[in-house]
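Trainee: Line by line, the protein sequences are chains A, B, C, D and E. Each residue of the first sequence is one higher than the last, beginning at 1 in the numbering used here. Each residue of the second sequence is one higher than the last, beginning at 1 in the numbering used here. Each residue of the third sequence is one higher than the last, beginning at 1 in the numbering used here. Each residue of the fourth sequence is one higher than the last, beginning at 1 in the numbering used here. Each residue of the fifth sequence is one higher than the last, beginning at 1 in the numbering used here.
Treat the hints loosely; a few may be bogus.
As the list claims (entries may be wrong) - Listed next, the in silico DSBU-like pairs over lysine-lysine satisfying Cα-Cα at most 35 Å (straight line):
1. D:77 <-> E:89
2. C:170 <-> D:344
3. B:149 <-> E:88
Stated by the list, open to error - Residues on chain B that point at chain E, a partial pick, calculated with CB under 7 Å:
4. 22
5. 24
6. 85
7. 101
8. 103
9. 111
10. 114
11. 115
12. 218
13. 222
Everything labelled a hint here was simulated from the structure, so no lab data went into it. C-beta: ideal position from N, C-alpha, C; glycine also.
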Amino acid sequence: AGADLSVFDWSGYEDQGFFGAYMEKHGEAPSYTFFGSQEEAFTKLQSGFTADLAHPCSDAVRKWVAADLIQPLDPSKLTNWDALLPEIKEVDGIVIDGEVYMMPFEWGNTGLIYRTDKISDDQISLQLMADPAYQGKVAIPDAASSAYALASLATGNKDTYTDLTDEQFQAASDWLRSVHPNIRFYWADAGQLDQAMASGELELGWAWNQSELNLIWNEVPAKMMRDVDKGIATWVCGYVHLKSSTTPEEQIYDLLNALSDKESGKYIIESWGYPHANAEAFGISDQELIKTYGFDDVSSFFEGSLFFDAVQPELEAKMLKEFERIKAGF
Amino acid sequence: MTRANGLLFYIILYLAFLYLPVLFLPLFSFNDGTIVAFPIKGWTLEWYRQLGGQETLLQALGNSLIVGAVTALFATSMGLFAARAYVRYRFPGKEASEGLVMLPLVIPGIIVASSMLILFISIGLKPSLTAVILGHTFLALPFSVSIMKSAFDDFDVSLEEAAFDLGSTVTETFRRVTLPIVFPGIVSSLLVTFTVSFDEFVLAFFLSGNQPTLPVYIWSQIRFPAKLPNTLALGSLLLFASVLLLVVAEMFRRRSSSSPV
Amino acid sequence: MTETSIIELQGVEKRFGRFVAVSDMTLSLRAGEFFSLLGPSGCGKTTALRMIAGFQEPTAGKVVIDGQDMAGIPANKRPTNMVFQSYAIFPHLNVGDNVAYGLRHRGVPKAEIAARVDEALGMVELGGLQARRATELSGGQRQRVALARALVMRPKVLLLDEPLSALDKKLREQMQFEMRHLQQNLGITFVMVTHDQYEAMTMSDRIGVMFNGRLVQVDQPAELYARPGSREVATFIGGMNLLPAEVRADEGGTLTVETPGFGTLGIAENPKVASRAKRIVVGIRPEQLEIAAERPADYDATVRGEVSDVAFYGESVHYRVRIPGIDAPVAASVPNYFHTVDHKPGDRVWLGVQGASVIDLGAEDKK
Amino acid sequence: MTETSIIELQGVEKRFGRFVAVSDMTLSLRAGEFFSLLGPSGCGKTTALRMIAGFQEPTAGKVVIDGQDMAGIPANKRPTNMVFQSYAIFPHLNVGDNVAYGLRHRGVPKAEIAARVDEALGMVELGGLQARRATELSGGQRQRVALARALVMRPKVLLLDEPLSALDKKLREQMQFEMRHLQQNLGITFVMVTHDQYEAMTMSDRIGVMFNGRLVQVDQPAELYARPGSREVATFIGGMNLLPAEVRADEGGTLTVETPGFGTLGIAENPKVASRAKRIVVGIRPEQLEIAAERPADYDATVRGEVSDVAFYGESVHYRVRIPGIDAPVAASVPNYFHTVDHKPGDRVWLGVQGASVIDLGAEDKK
Amino acid sequence: MALSAPATLYVGLLVAAPLVILVAYSLWTQTYVTIDRTPTLASYREAFGDPLVRHLMLRSILIAGAVTVVTVALAYPIAYFIAFRARKKTLWLLLITIPFWSSYLLRVFAWKLILGFNGVMNSALLALGIIDEPLTFLLYNEFAVVLTLAHAWAPFAILPIYVSLQKIDPSLLEASTDLGNGPVETFLRVTLPLTIPGIIAACLIIFIPTVGDYVTPSLVGGSDGKMIANLIQVQFGAANNWPLGATLSLLAMLSVGFVAIVFVIGATGLGRRIR
Ligand SMILES: Nc1ncnc2c1ncn2[C@@H]1O[C@H](COP(=O)(O)OP(=O)(O)OP(=O)(O)O)[C@@H](O)[C@H]1O
Ligand SMILES: Nc1ncnc2c1ncn2[C@@H]1O[C@H](COP(=O)(O)OP(=O)(O)OP(=O)(O)O)[C@@H](O)[C@H]1O
Ligand SMILES: NCCCCNCCCN
Ligand SMILES: [Mg+2]
Ligand SMILES: [Mg+2]
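This is chain A alone, in the form it adopts within the complex:
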């Protein structure tokens, strides 16, 4: 019964703390299949992979809609829709042409994590990544959009990141090229980055706030550079209803509503360190942690940070191509 519902998700999101209400009602967890990156997920879906729900981030939604992979959601069936943070509902890709395509779930930052025992707080900046002193001590994601987001921040073009002019694109590419000699590896999975930061192999890493917490929990002296002026990015991910879905709607909305419940939000905040889309979740969570993670002022994440919106298709293609060349040292 409950397991009939299939979810295509990031690995780890099968955590039953996320959907307690669903478990209560159906007695069984949905069945999960995992992907490692949004691109991988997209390729699989395009080649015929079927599921009921998938978990991309907002920047991918337009592309998925264009590829005819997802169907709109009915907000009236989303019981927690009104409780969601208003800033989030305005993010591009959640609603397209008046139709709700994604129910936001978790959000967070991509930022510069650094070893506090090697680099002091006042010393830290994105430009350090290109500093020859850090040769072999830097890692950035093996993902073009994330790399160009970083480069746009570093070259002062964060506002036009989704629609860079040719000169701006050139500047971003040049900047990435200047970082390339320092790169130990382009990370493909967060675990790889975490391990390398923990061991001291890396001192600077462009990564997600989950990594920051993972390091702190493992007692590694590291933290994320959170100063919006120095450069940080924000993203929102959520669940979309796939066209290939075969399970009755009711069951699908049961899961979506369980995921967006404030109890679920409390759980992800407290044990994963990710902020949740439900505004009420913050109130019922451990306030000590809320403060430590900087979630007491939610709006600060949105103002001034670079937001991961969908990049223009032609620009995206250019980024992908150029990024391959940069990685190869060209």
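Assemble the complex: chain A is given as a structure, and chains B, C, D and E with the ligands must be docked to it using the hints.
Mentor: Frame of chain A, contents of chains B, C, D and E with the ligands only:
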């Protein structure tokens, strides 16, 4: 003397090279920490204990078992007949056919995977366990054919003729003589093709749908540090099971090749 | 083509593609006889046997067994059984199950199977070995199991493809002996393929000699030796000195021939030789030549020559003697009664021969 | 141990673990002789040969070649060359390169290599086949290439391990002949291993007979046949009827013995037999027995019996005759002069023998 | 013959059909999420025009070549040992294969544990005081790729060479010795030329698939170790440009085939010249 010692020394070094990496997997599966690095923090069986509760892992394991079993059956039955033809008969195009069947051994995996993905989609077969099975059968065929070929090589044609001469029909001869004699070869082929499928990643990654095989599952897991120790525990168990399987297979193979005919 | 013929081959031919392995073979075997097909490797013996067994269909001609045309009747429906050269013992079955194999197919009741298997194993002196694994048998034992497995089927005809070639010399001689006795006791027709002339001669009632797919002579062993129908047969079986000869007279079955070295001789006309001619070839077996230091008396012809080679064979000594006017040295063998070699290379010796032991081998140009 | 001995084995022994393959072998070979090691399969012939070649080190004793102790000298440094049973023709090289192989190692100049290869191939009658691939040769040709490859090295001693066993009968006989001539012309010492008594007897100057790792008799072929030193040798070489006998008198080299069936006979004392005893075994070769329907005159002893078996061999006929008082039937062979078999199974016949052809084989209990 | 038909047809179809489709795709174009089926050589132009493609192709072939040479050279003595020296051959063969029956991904991962910054190697060297900073050149480069693959392919090199060594009649080696040659010369003049077919088989079985590997380079190769297959994988994945992916696949196959043929001809010819 010294030359022989030198060779022996090299053999020992090489064995260390083969074994050391693999032995680190079980070692770290007992490590009491999620970050896989020295020094080892402490010893625990926690990761093994957790395995039982991992629904998706168990499902992936089940999928791999199914895919492996069906692949082994398909590849071995096709291999059985093909090998029989190759050993027994001369026919036009035999060399070409033998060469063709060995081709999967030498085509780069990504090319097989990507082109099969395109092929299956274009004939309306969505990524699924079925697609993986078809792909794995393709990869496993050369193994099965060569194992069955050596089984038939040892098999004297006159045994079948003798059965026929003593009144047996063609099917009876196959059942009472051919099958029992090449049986060890069949078992050995089933085991080897099963293992080829069980450990295959690239094709399964491209072709599996919402039911991942174990390697695809492992791929999604080794990217997440919290899951890594579980994966190592699983890998250690797999290693152990494979050794058992291989020993059994080898016993069968020996029985088949030692039967003088 | 007599009333009691059990196997008849009528103009049987077998082609593999363009290659003719057996051509126009006509042969009639009497029930109860021990018949051997003798010939060099590749001459088509096995192919002929397999056409009788039904493993190969003739491309022309007819195989008749026990009065029934075998065309279209597969091997498993023929009243013949075969002993294979490699024995083809089923390795996954024990001795008893090997022998019982054919009976099980026929659905013979269990108790009868056991009794008949016992009996058959007794016949080949393997009683009590029922439970032995096939892999634990010696070569000679394997041969016996193969024999028992075929005999237990009580075939009308037993076909044997070089049944003894895998055994060593001592064992082979013993089995020749035993198989011959078994055949005589059972009265079954045996058709055996061999390339060993001694095996064929010591075991068979009649021998069919094959060359290049053709059956060239069918005769009793002594007849075959004494009156070979061609030079090929003459040299394939036993040693033979060949000499060209010119026929001077031909009357009442006696030919007067002029030969190099030995001069004029009266020899018997050989009825096995097809063509008559002026220039013929005659043969003399090495053991029919007398060799002596002094001119031997009482021989129809004598000639002088020089010993070129001496080979000591134990029971006999083989000499080669060069004779003026004859190309190849002439071979003569002498029983070694006195443990001595009488002539050395270089010695001048006399050879003597009787006209009666010179064999007419037909026209010279015939190959 | 003579001045001209080229190979000396002094108490040579070879153990494999606990198994003694060759034990206490002492032997001296003369330069230029053709020596054969003869014995049944597994008796240690190959092992002995390989110790001479240097492929195996003796576990005791000494191998001396041309006056030099070979201890510690590897095969590639010894003045011997070998023709292997399987010929060991290098499959990746053509005929010329095979023959040139050893010369290339020695760094012989190109032109000389070519000349010597030509010469060696000429000797074995393969001139002009230099470019032929090894895989395209017939069995006989491979044998010749192996011979040429060894001869081109101009070894002091040529070792041959069953060099002819892979060939068919006709070719084997021809090669025996040719090899013997080649050896005589070149004057090289040949040491050949064989298990074929005829091959050993026809080719060798001397034969060493081995059983179970021991060299039991070394003699010239005729001597070996006439005076075997033991029952094993007597029965291994040629046919032999064995009879128990009691020595009644022993004087001047003549034994008076009492045998079952044949009664009292005067026979020559055999100097090759070590031990003297009262109860001995005597041997009679089948060809030394006269077989006749009427009691033959002029024989030292005659006895009556019944024919149990007749085997026709072409040049001779072999009878088995059952005689009261003698366990196994007695074998007698008769040259087939008259193309007829004179006696049939069941016939009563007389056997006659001369005391001079009865062989003293020593004490009875000796095995 | 009818019996081999299923296998032949199966492989034939699964080889031929994808090839046809691959060719078709390579002639199409893709923008964003839509495929344009008008035949064009655009992808080929793009592939040929891009120095990156040439660079990766060349590097792939060089890395695969290095992997092949290293693997075969390391494996030869083992195969030799098992064929000529070892008593219990099957036991040894078993011993050689056992490590390969764990998961392939985990084996590659195991190399990261060894070569990593705080991996086994660095830990050991640090503990022994040989170094006082972890070595960083062990991982994320061509060296790591070659080492990892030389490990992964070991049995595929050992087995064919073992088979060809085992076919050598020992009397050939004795004959060579008998004709005056020492062990080294015998090896070079007899053993080696006779095992060339086995060496060629091992090389092909290793070289060809290695060019197409992308998992190992992406795990241990860093950016220096990336190969053409990674670029192909990107086209089918992130870049979502299947036509270019198909084109690159075809070009990779052709290059590999060409190199393989040249190699086989060269190796065979070389073997023939040893006398
Ligand atoms: N199935 C076949 N296809 C083609 N040629 C064949 C086939 N079987 C036999 N031959 C050829 O027919 C000829 C006769 O073969 P056959 O086996 O009857 O010879 P044989 O007299 O039994 O020889 P041997 O004593 O060597 O067993 C040979 O030249 C052989 O190569
Ligand atoms: N390397 C070895 N290890 C153990 N035993 C051996 C070895 N080589 C030979 N033997 C044994 O030594 C005995 C003599 O062997 P050898 O090869 O010398 O016999 P042979 O007289 O040449 O026999 P054949 O005529 O069969 O070639 C045999 O019983 C054999 O099994
Ligand atoms: N390009 C957008 C990056 C979004 C990262 N999302 C990470 C989610 C991890 N659960
Ligand atoms: Mg035959
Ligand atoms: Mg031997």
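Trainee: Decide, hint by hint, whether the structure agrees.
Mentor: Cross-check of the supplied hints:
no.	hint	in the structure
1	D:77 <-> E:89	holds (31 Å)
2	C:170 <-> D:344	holds (24 Å)
3	B:149 <-> E:88	holds (24 Å)
4	22	holds (4 Å)
5	24	holds (5 Å)
6	85	holds (4 Å)
7	101	holds (5 Å)
8	103	holds (6 Å)
9	111	holds (5 Å)
10	114	holds (5 Å)
11	115	holds (3 Å)
12	218	holds (5 Å)
13	222	holds (6 Å)
In summary, the structure agrees with every hint in the numbered list given earlier.
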